[in-house]
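4 protein chains.
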Amino acid sequence: MSSRFGTFLIVSTFGESHGKGIGAILEGCPPGMPLDETDIQPQLDRRRPGQSVLTTARKESDTVVILSGVENSITLGTPIGLLVTNADHRPGDYRQMRQIPRPSHADYTYEMKYGIRASSGGGRASARETIGRVAAGAIAEKFLRLTHGVDIVAWVSAIHTVDMETIDAETITRKIVDASPVRCPDPAASHAMAEVVARSKAEKDSVGGVITCVCRNVPPGWGEPVFDKLEARLAQAMLSIPAAKGFEIGSGFAGARMRGSFHNDLFCLKNDRLGTTTNHSGGIQGGISNGEPIFFRVAFKPTATIGLAQRTVDFDGQPVTLEAKGRHDPCVVPRAVPIVEAMAALVLGDAALQQKKFPSPPSGLFGGENRGEGVKIGS
Amino acid sequence: MSSRFGTFLIVSTFGESHGKGIGAILEGCPPGMPLDETDIQPQLDRRRPGQSVLTTARKESDTVVILSGVENSITLGTPIGLLVTNADHRPGDYRQMRQIPRPSHADYTYEMKYGIRASSGGGRASARETIGRVAAGAIAEKFLRLTHGVDIVAWVSAIHTVDMETIDAETITRKIVDASPVRCPDPAASHAMAEVVARSKAEKDSVGGVITCVCRNVPPGWGEPVFDKLEARLAQAMLSIPAAKGFEIGSGFAGARMRGSFHNDLFCLKNDRLGTTTNHSGGIQGGISNGEPIFFRVAFKPTATIGLAQRTVDFDGQPVTLEAKGRHDPCVVPRAVPIVEAMAALVLGDAALQQKKFPSPPSGLFGGENRGEGVKIGS
Amino acid sequence: MSSRFGTFLIVSTFGESHGKGIGAILEGCPPGMPLDETDIQPQLDRRRPGQSVLTTARKESDTVVILSGVENSITLGTPIGLLVTNADHRPGDYRQMRQIPRPSHADYTYEMKYGIRASSGGGRASARETIGRVAAGAIAEKFLRLTHGVDIVAWVSAIHTVDMETIDAETITRKIVDASPVRCPDPAASHAMAEVVARSKAEKDSVGGVITCVCRNVPPGWGEPVFDKLEARLAQAMLSIPAAKGFEIGSGFAGARMRGSFHNDLFCLKNDRLGTTTNHSGGIQGGISNGEPIFFRVAFKPTATIGLAQRTVDFDGQPVTLEAKGRHDPCVVPRAVPIVEAMAALVLGDAALQQKKFPSPPSGLFGGENRGEGVKIGS
Amino acid sequence: MSSRFGTFLIVSTFGESHGKGIGAILEGCPPGMPLDETDIQPQLDRRRPGQSVLTTARKESDTVVILSGVENSITLGTPIGLLVTNADHRPGDYRQMRQIPRPSHADYTYEMKYGIRASSGGGRASARETIGRVAAGAIAEKFLRLTHGVDIVAWVSAIHTVDMETIDAETITRKIVDASPVRCPDPAASHAMAEVVARSKAEKDSVGGVITCVCRNVPPGWGEPVFDKLEARLAQAMLSIPAAKGFEIGSGFAGARMRGSFHNDLFCLKNDRLGTTTNHSGGIQGGISNGEPIFFRVAFKPTATIGLAQRTVDFDGQPVTLEAKGRHDPCVVPRAVPIVEAMAALVLGDAALQQKKFPSPPSGLFGGENRGEGVKIGS
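Chains as they are written, first to last, in the working numbering: chain S, 270 to 648; chain G, 270 to 648; chain R, 270 to 648; chain P, 270 to 648.
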């Protein structure tokens, strides 16, 4: 269903952009985990508007409250209710847009689907919907970190036509990423990107970009074959983020241009288990993690709401010129970084719990001699 | 879960490559629809091996039998059981590979996940697993065609470094596609691609490629906001196909390099409802179809199993040289065309049934004056 | 999963008895339906404690707030967030019980499952958990009433050893039910029941009882064959209510003592469609509604928490005498009436939306001549 | 959805009574478990028709074939496909019934729901549908036995007005049960029941009855709070069996007539963990198993299809007299015993896998000092 994601670790979100609040329920988080609001707030702060002159001017503290599932800062194993109250709505800004479907926005399709829409702010199609994801994702991340040492870092690798240089995905940290106002860890590219965004803001236009994400320390064996392949779940998760247009795992579209003898990741002995000498697979083979870093890229289109005049038609088909007001990011990509991380955490947390249903190692279950998840292989 | 896809139109597949058979159950197909095996067999024939000298030599007729859910060639509304018996197994071909995880294949990850694997043929990780998808997808396609006139066509748009020219997605047909041995409707590119594949076969190597797919006549209003956006479900569906590495909806990664003022699809009046003058959105806005053609691209890596010698290690970490035997496609992309179509049909069929739960038009339900799915807008 | 119910109309609940609040998200409610808090509060008021001297003294106004999914008192088709803030907690009352698992309560099993428990009030095992169900159920009920005229009424038909006389299930109303302090519409039985409850309260003991429920105006065709039979979903829904021990549809256990020639419901012509002359089936045949009233009975055990001394052991196995303090109902059955109605509404609302996925009549879909849901049958 | 059951251990069934075959897919069975057809066939043999003069004369060997998921008699962790081919159809027997909805059967409701029905044999509403459940249930049972020593035994405790004496649920075995032609382990009652069935057969009438089931060695901690309480899932499972009319866990309806001071199960020390001195709870408290035997009862109505003349109406509302031909059991209850066991096994197998997602003991996960599933409690 629309507002729910996951099979074992399940997030359900609710809330309209200009309603009373935005929130989520996270089901399936194991009991006994230390948790309070300070584990969640930092990622919400990275996502919220008003972080710099490059982003929307909407003022929201986006302060999260845990409503349930936690007592004395320890999880109970019951559903964790999360709520962020909306503070700063200005419905008036959107009045003109009631009669005019904004090009490349969801006004028209919501109207066709539901026959009704939130009167302002985009309702569920607003980027504010992602607050629930980010809050729940922060909990998933803590679970992954505490139980498996999993470490997720995303960054902006391209804005408009500016690409960054390749970096070392083994060592990049959020701190390095956040040192850049556009969350691009390549200083030269960061500078150029900031200029592109500032110019596009000045011109009342918008630009898109690409986010790259790496997930380190994922053990082998996570993910399911066939329809719930780990990369398939990641693809769904990423394409469900507003404005996402593309997804690549590992070599991605470039891999389609390689020969098998080049693309294949040969096995080698790494420490006490098998690793690969290259990682075109992006850490996943046959839908299942192989122990190498998982990395993927997500393309985002330019923000649909722009101040520049657009010649379009209203709901009745009458020609109109639309100059969007309201407060809009000229480039959503830097703020999408924690959203990408949150969705990755929700996918991996789900896979972690799913894998737990098989006793580890399986051999212990029926007394056989099969190799199991934790079994060391090597000389 | 792993082997099931869909919420309202649900396919569950089963079967190992070298077991007794491969099959699927399709749940949710409405009652009263004409259906027999001849509706399904053509897509299985397009998928099966041995279609040309460019593909694997494994001989399989892949003949489907409908086990249930249909009587007198009419669907009953009950689960449709589908079975294809495996004929030609040659387990011996794979003996060497038992001890050596094939690079970039799923041997290692299955072993780490399950502690056991099918003894040959890749089990569920084999491309034969897609038989169940193609069979079920053919039924979904018939449902979509009969009820909404939906029309799905995929083709090979790139193999290795050969790209085809842009074609008219409004008029392309499967007949045109199948006139090319590599399923590329651009004759010059098709010729070059066939040469690339033949050479790669001669060299015991493999190549990848890209498939483009268009879905025409999808009405506005299909798909769900938030996590089950139509493009998110398509992304999951496509990345779940063996060897898929990337997915783009509409403008995709190229869209990330555009400005909003160029990328936005302006509305206009088309016949008696709103359309758009461009289609960078790929027919979907906010996760919901807008009535324009849905189009997307899927990247496939080169086949992992190659005859060329590879320096890798066995499960015990001992260096070995692997020269894969067995029968493998030098390029799976042409045979993946009906698989892409099948997965698109399963996604759209699911969305079609999901949308049906809202009475149409919604206004009729509660007596309001909302705009509904079927309501004509315009002068 | 634990805290979610439904496939098409989905309620997810959260909240501990002594935490910040209790709430629910309802997904799937169609857009365009008039809705505000006044549609929900009355059923919460019927459920809340402190309604009479016969019930627990805990003071809670249980005031519901709609957080999302509704604008200007009209549903948007998006998830409806519902929150009731907890006001009156007295954790101290429960201190003794921390070390002693209350007999026939969930203290011991939660501890064994989760290794942790809410420190007081029973957490999710408290009857307060049902607040989310009742709130969501009130919305489902409104949907059913507006779209199909469905009418759901439950009442207390037995308390302890006092049974009521048979009543006319066609005409019973909530107003009649609520005229009795124990919600039993048979005045003589009501009087006797009230005495039983008062005596059991005076003796610090508790009593159980039976609730009967009728759902009128459910059209034929709702419910699914096989595992999701309408009676199977009702059985799950009712047994999920705290303290429920049994469920009967139609003739129930008495039906097992009848002969087929007596039990079978013969068909007859009723108005313009088929009805039955008796209703041992309880309105459902083969898992699907037949248009007759759906009726069922639910057995509730006596409240587990009692003031009487009980010789039991603590978590360490040491003998102890437990005299529960806190505020507990001597009989939960009257307050369970709106909970039974809510769960019935959630089951039927789900079935109503599920049935909508098949166009009605099906014949219209594929041009056949099949009988459909709305087709009139008769002379 | 209709034909699927379970969240972690999932059975999907298919097949019409008079179609090509009946089958199931079982997903989620862990890898490495020994399994072949001989683990499944015995329960199918106990279910199949023609076991004695007391049952239907339809001849079916009901031989199961495993299509997938198993290699060399070991499970692979992939979906297990199961197929039983239909041998003996006699569509002609049912011709008259095409125009006449059989009273208390699903003919009318299927017609109203789907607008189409299988032409004979009841399609999915036939008792043959349960073949897939019994086959899948046998696998679930083996999993439960091998991993936890769980032991499930059901028996006939009442037929028509004949009740059996109370027996020792700790020691009853299937061998003892099967020594009775009506599967009632009380010899005197068994004799009387057989007479009742024989007489009802001679009179072309039918009788119902009650099945009691015990599940031994279920560890504490299985089952989920709120909507998926273990008793709620059992209730759904049992009410989904054709002809089931009621379900009781533990004390059931009789419990509603007890006082709390009598009904409460006091804790005591049993071996090295807590047990209870009585078991009115039926082994479940707050939806979660407590380590005591789980026991429940299921009521079955008399077979709807009888040879006695019934005055009813046809689909057009015209009065007719129906004397059903075909081959029908005068009492389905003895053959329902393995079906009850199978459904119990599917519920418990699902709960077993669900519980596995929490590492055991939970304390190990986050380093706390919580009590865990396996922790011994006592002096």
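Watch out, some of these pointers could steer you wrong.
Copies of the same chain look alike in the list, so a pair counts if it works inside one copy or between any two.
As the list claims (entries may be wrong) - List time: in silico DSSO-like cross-link candidates among lysine-lysine, alpha-carbon distance up to 30 Å:
#1 Lys470 to Lys539
#2 Lys411 to Lys289
#3 Lys289 to Lys539
#4 Lys539 to Lys473
#5 Lys539 to Lys594
#6 Lys470 to Lys594
#7 Lys594 to Lys411
#8 Lys411 to Lys473
#9 Lys444 to Lys594
#10 Lys289 to Lys444
#11 Lys411 to Lys470
If you are wondering where the hints come from, they were derived from the structure by calculation, not from laboratory data.
Results for each hint:
no. : hint             : result
1   : Lys470 to Lys539 : neither (48 Å within a copy, 33 Å between copies)
2   : Lys411 to Lys289 : both (28 Å within a copy, 23 Å between copies)
3   : Lys289 to Lys539 : neither (52 Å within a copy, 38 Å between copies)
4   : Lys539 to Lys473 : between (52 Å within a copy, 29 Å between copies)
5   : Lys539 to Lys594 : between (56 Å within a copy, 27 Å between copies)
6   : Lys470 to Lys594 : within (13 Å within a copy, 58 Å between copies)
7   : Lys594 to Lys411 : neither (39 Å within a copy, 38 Å between copies)
8   : Lys411 to Lys473 : neither (39 Å within a copy, 46 Å between copies)
9   : Lys444 to Lys594 : neither (34 Å within a copy, 49 Å between copies)
10  : Lys289 to Lys444 : neither (33 Å within a copy, 34 Å between copies)
11  : Lys411 to Lys470 : neither (36 Å within a copy, 48 Å between copies)
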